[in-house]
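Colleague: In order, the protein sequences belong to chains A and B. Going letter by letter, the first sequence gives residues 2 to 803 in my numbering. Going letter by letter, the second sequence gives residues -3 to 160 in my numbering.
Quick caveat, the hints were computed from the structure, so don't treat them as lab data. Note that beta-carbon positions come from the ideal geometry of N, C-alpha and C, so glycine has one too. Please note: incorrect hints may appear among the correct ones.
[Claimed, not checked] Going by beta-carbon spacing under 10 Å, a handful of chain B positions derived as facing chain A:
hint	residue
1	Glu(-1)
2	Leu84
3	Pro104
4	Val122
5	Arg125
6	Tyr136
7	Cys139
8	Thr140
9	Tyr142
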Amino acid sequence: MGNEMRIAEDNPPLLSALDRPNSYIGRSVPRPNIKRLAQGRGQYVSDVMLPRMAHVAFVRSPHAHANIKKIETAAAKKSPGVIAVVTGAELAKVITPWVGVLTHLKGLKSAPQYAMAVDRACWQGEAVCAVVARTRAEAEDACELVEVDYEPLPAVTDMETALEPATPVIQPSLGDNLCFERKLDVGEVDKAFAESDAIVETTFIFGRHTGVTNEARSIVADWNPGDERMTVYQGTQAPHMMQNLFAKHLGLAEHQVRVITKDVGGSFGIKVHCYADEMATVALSKLLKRPVKFIADRIESFVTDIHARDHRIKAKIGVKNDGTIMAFEIDDLTGIGPYSMYPRTSGIEANQIVGLVGGSYKCPNYRAQARVVFQNKNVMCQYRAVGHPIATAVTEALVEMAAAKIGMDPLEIRRRNLVPDDGYPCAAPSGLKFEQLSHHESLAHLDAMMNYAGLRAEQKKLREKGIYRGIGFASFIEVTNPSAAFYGVGGAKITSQDGATVKLDAQGSIIVQSGVTEQGQGAESVLAQVVASSFGVSIDRVRVITGDTDNTPYGGGTWASRAAGIGGEAAWQAGKALRGNVLAVAASILQAKPGDLDIRNGVVVDAASGTERLPLEELARIAYFRPDTLPAGIQPELIATRHYVPRQWPFAFTNGVQASYLEVDVDTGFVKLLKHWCVEDCGTVINPQLVDEQIRGGIVQGIGGALFEHCRYDERGQLLNGNMADYLVPMAAEMPDIEIGHVVTPTADSELGAKGAGEAGTAGAPGCVMNAINDALRPLGAKPLTDMPFTPDKILRALGKV
Amino acid sequence: MSERLIDITLTVNGDSISERVEARKTLVDFLRDDLALTGTHIGCEHGFCGACTVRLNGEIVRGCLMLAVQCDGANVETIEGLSDSGELADLQSAFEQRNALQCGFCTPGVLATAQDLLKSVRQSGVPSREKIREHLSGNYCRCTGYHAIVDAIEAVAKQRAGGA
């Protein structure tokens, strides 16, 4: 099947392969779980209360790097309500340490990390001692009474000097502070630069920021020594992955561990990792033989939730006067804290950046270097859109700076260099393979949607009045629907396949059990839509169950924008399989051929005429309660399971383009966002509203990184702004309205044709905003801003006003 | 110890409640831990995110910045009460139709804040999108990007202003 591309309408017409009667594919139906959440009747892990449940609070290192000489716990143990005080050394007897490496990231190394520091704390905020008490307040009271004798050590905080011989080595067993390194040199880079008419060379800084999920990381672990099972209620994106890790490090079999994930108050990649304090909580439950609850408070979140995006990138582009991009070159340096995060590692973001820079363009000459170094700061790892916001910002800023240098319109330079829409399949210089993208169609759609020419005219007129507005763009590509190429090949027990079980209940309704998880993005709605369509019932008769390792097929969960494309395809296939099973039973009852029947709107019908033959309620009644009336040899199987993993393409790349329109107050340095646009191509759009809202939310998250969010550390490794008063996040008043458009290029890898949509907004927004700010300030001769976040102070400095 | 515990009597969602609480206990901890009203959420515990927004004597307050003992004699309304009374029904419906919530963690607080803005919409008129955004400026939502929330509130404002 070829890839047919077209602009999506507000209500996209049904795609032929999916054109089942009463199809829900392409319809904005409300999410089945939304009513509960709107009434405050969700169940988040922080709401879970169990009999005999105790609460843990952690004593955390105030030093970025220190030996732990002694921990005095006697006073804490006598504090009211205290059940146990457990040091890192004591807990190490219950749970084994881990090492965050993947074999396909060659050379990546890390040191063993314990659930709590044993001899040495390596970042400010690392837990060194746990206090378990009847209430969290009593546990915190007793934490105050734990006396830890620290011997402060020099803190390695500057990534620029982390590899110098004079810098202490954080993990002596590793020999140096280098976690991972990758180099790439494709085409004839030096020759291409020599032949360029114009060269732009600059350094980009991306400030560390973090996810700030509204619900902090939360876990309740419940070890039952009677049945020797650990039940863990956890706000996680990957229940089966966590089941494996809890079992592995507690010395249990996987079937002894059940992970339950109900409602999760925001994830964004923050909740797809193995956190030391969560491992400690599970170990404490095993040790104390009772449920133990840990909810990170906001301060703990800032010093222990993974950070991301701390990159310094020296970058260079060469262009001809006709706009032809000749070469890209980058040198990325990133600091990831004292350990590579487990089990996904902290090498992935840099690896992605190397792979993605320049990937939208025809340019064949590309040189890249990335070095990932250890520091005594909080751990850093994968967060929404992993590497994409950085790769996109670097590429797109270089392209717009080059365009400005040769006097070319920023859309025109893209038209001349983006891979043509009929140029697929093809590969990026880094080797990433693209099935079919739609850069030009997307650009044309955006141009019209935003009335680019009109905005340029308005901008020009306002400049004459001393009002400085900017228009910035970012074309982007985005990795979605990952195959085993991401983690499985590197030895991690992170499955890329996913499964769905679909069954007909005794009243003819449908239950779907899926291995993907709901984080609020609408996965359960997508699964219900897909199964209702492929099986043939109205969506109100479909109930979806996710987030329970005892009751769902083995699956990867939600990350890398995989839930709809992979989990959705498995559910689509399972729905079809169950339809086949049901029609076999119906055919035997009706003395018809299964192929002559179909299921439409909950009724078995003649496929050709649509004449109703048998309601599903009646079929279920016969199959479950009067199987004696069925012909001999007919055994109804009213349940079907299917699994799916992409096989033809390692990733289903999506693409799109964003635009930002903003105004810079040149006296105060404040940026006012006026409007934002995104045209995105995620293949088949299952639920247009959910896709649009993923993109809008993602864009605002990207804007946060561009304008506000920054984990600021001092040279001693102390986080200076670990609270929501000092760490700024995007709020309603500062955010613009966001207009979304679609181009639809289904992937031929699956029948559904859906690619991921969850991260595209975040991928493009920071670069787009950067370009708009620099466009606004260009007539004032300001040095281009390349150091995110773009605070008023930095803008005034660029203008030479402070 | 005894001075740490204080008896309070208050009305919560129409029910008269008498409890002995620790003097240091916040209103949101009291609602969640003592009354099991878990619809009021804890996001930051320092008055920034608005996830714990509840209505106290008709005004919206931060549940994390009030102590339970300060609420002695007060009338407290949480998302559970505001849902069951039907007061938020049109807002909730608009949020559901517009997908103005994703993870839903901020939603109880956002709805209370939206209702605070719209309670007098028939007198004050339909607020502009800027005004809606400004009124929501103390409610952090990481999922939606706010656009859908503004859409939903704007739609309800128009319905209420123009409706019966």
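Colleague: Confirm or reject each hint.
Modeller: So, going through the hints one by one against the coordinates:
1. Glu(-1): With Cβ-Cβ at 15 Å, over 10 Å, it is violated.
2. Leu84: 8 Å, holds
3. Pro104: Holds, because the Cβ-Cβ distance from proline 104 of chain B to chain A comes to roughly 4 Å (cut-off 10 Å).
4. Val122: Check failed: Cβ of valine 122 of chain B comes no nearer than 17 Å to chain A, outside 10 Å.
5. Arg125: Status holds, d = 7 Å.
6. Tyr136: With a closest approach of 6 Å, the tyrosine 136 of chain B hint holds.
7. Cys139: 5 Å, holds
8. Thr140: 5 Å, holds
9. Tyr142: 4 Å, holds
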